[in-house]
Amino acid sequence: DAGVIQSPRHEVTEMGQEVTLRCKPISGHNSLFWYRQTMMRGLELLIYFNNNVPIDDSGMPEDRFSAKMPNASFSTLKIQPSEPRDSAVYFCASSLGTSVLREQYFGPGTRLTVT
Amino acid sequence: SQQGEEDPQALSIQEGENATMNCSYKTSINNLQWYRQNSGRGLVHLILIRSNEREKHSGRLRVTLDTSKKSSSLLITASRAADTASYFCAPRAGGTSYGKLTFGQGTILTVHP
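Protein sequence lines correspond, in order, to chains A and B. So the first sequence is numbered by this note's numbering: it starts at 1 and just counts up by one. So the second sequence is numbered by this note's numbering: it starts at 1001 and just counts up by one.
Only chain A is shown next, with the shape it has when bound in the complex (with noise of 0.2 Å):
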């Protein structure tokens, strides 16, 4: 297996751009979560997604964010309109079922600079 796959790697934009960050899990993983990490907030869970329907979105930091998982192979973060605070890396991880038992695959993450 590929395991998560995230892309692109890296990005770099100007502050008033859309940016859309896409994440594929592992295949037969039913669960998905985005996630953000910087230096100084450490690793923030921005929303979550079961059975591709948003569970819980209460971490997404303001409208300007939004997620969708159209399918279960494919999700995507969008962030419109971009700041320079939004820079960070984010990471999409996926796991097998909801017990509480399963653990957490993640993404090699794409690092977001915004100018």
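To be clear, the hints were calculated from the coordinates, so they are not data collected in a lab. Yeah, the Cβ is synthetic: ideal placement off N, Cα and C, and Gly gets one too. Be careful, since some hints might not be right.
Unchecked claim - Calculated Cβ distances over 12 Å to all of chain A for the following chain B residues:
(1) 1037
(2) 1057
(3) 1066
(4) 1073
(5) 1078
(6) 1110
To be verified - Facing chain B, according to a computed beta carbon distance under 7 Å, are these residues of chain A, among others:
(7) 2
(8) 43
(9) 100
(10) 103
(11) 106
(12) 109
As the list claims (entries may be wrong) - The following label-pair restraints were derived from C-beta to C-beta distances:
(13) B:1014 - A:70: 42 to 52 Å
(14) B:1018 - A:53: 22 to 32 Å
(15) A:81 - B:1068: 44 to 54 Å
(16) B:1078 - A:14: 24 to 34 Å
(17) A:99 - B:1061: 16 to 26 Å
(18) B:1018 - A:81: 45 to 55 Å
(19) B:1054 - A:63: 42 to 52 Å
(20) B:1038 - A:5: 12 to 22 Å
(21) A:81 - B:1078: 28 to 38 Å
(22) A:17 - B:1057: 25 to 35 Å
Take the given structure of chain A and dock chain B to it, following the hints.
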């Protein structure tokens, strides 16, 4: 939400030495998981210990859990330079949390060759 706090924030040791990191949490748990993050990479699951277990081993890793003190420790024996990474604990409550994990700031481990 359930979140662990790792201690110390940073740990620097020589290759071959043992490294011990601690995790404290606040509410009752179903299990506790440890993850490792190498620089610039995503987190990797290391080990899971259930609330009814006191100790668990996996290779050079030894995890203990004391539910009465709401704490866990991760011991890496005979450390190697490749163990240099950040280590995170993730306490898991029961119920329908849909697999949600909340991470602390982690312990940064540096192993000098």
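Here is what the structure says about each hint:
1. 1037: 8 Å, violated
2. 1057: Holds, since 17 Å exceeds 12 Å.
3. 1066: 19 Å, holds
4. 1073: About 19 Å separates residue 1073 (chain B) from the closest Cβ of chain A, which puts it past 12 Å; holds.
5. 1078: It holds; residue 1078 (chain B) is separated from chain A by about 25 Å at its closest Cβ, greater than 12 Å.
6. 1110: It holds; residue 1110 (chain B) is separated from chain A by about 17 Å at its closest Cβ, greater than 12 Å.
7. 2: Violated. Min distance 13 Å.
8. 43: 4 Å, holds
9. 100: 5 Å, holds
10. 103: The hint holds - residue 103 (chain A) has a Cβ within 7 Å of chain B, the shortest such distance being about 4 Å.
11. 106: 3 Å, holds
12. 109: It holds, given that the least Cβ distance between residue 109 (chain A) and chain B is near 6 Å, below 7 Å.
13. B:1014 - A:70: 42 to 52 Å: At 51 Å between Cβs, range holds.
14. B:1018 - A:53: 22 to 32 Å: Given a distance of about 45 Å, which is not inside 22 to 32 Å, the answer is violated.
15. A:81 - B:1068: 44 to 54 Å: Holds: the Cβ-Cβ distance is about 50 Å, inside 44 to 54 Å.
16. B:1078 - A:14: 24 to 34 Å: 49 Å, violated
17. A:99 - B:1061: 16 to 26 Å: 22 Å, holds
18. B:1018 - A:81: 45 to 55 Å: Holds - the Cβ-Cβ distance for residue 1018 (chain B) and residue 81 (chain A), about 49 Å, lies within 45 to 55 Å.
19. B:1054 - A:63: 42 to 52 Å: 46 Å, holds
20. B:1038 - A:5: 12 to 22 Å: 18 Å, holds
21. A:81 - B:1078: 28 to 38 Å: Since the Cβ atoms of residue 81 (chain A) and residue 1078 (chain B) sit about 51 Å apart, the hinted range of 28 to 38 Å is violated.
22. A:17 - B:1057: 25 to 35 Å: 49 Å, violated
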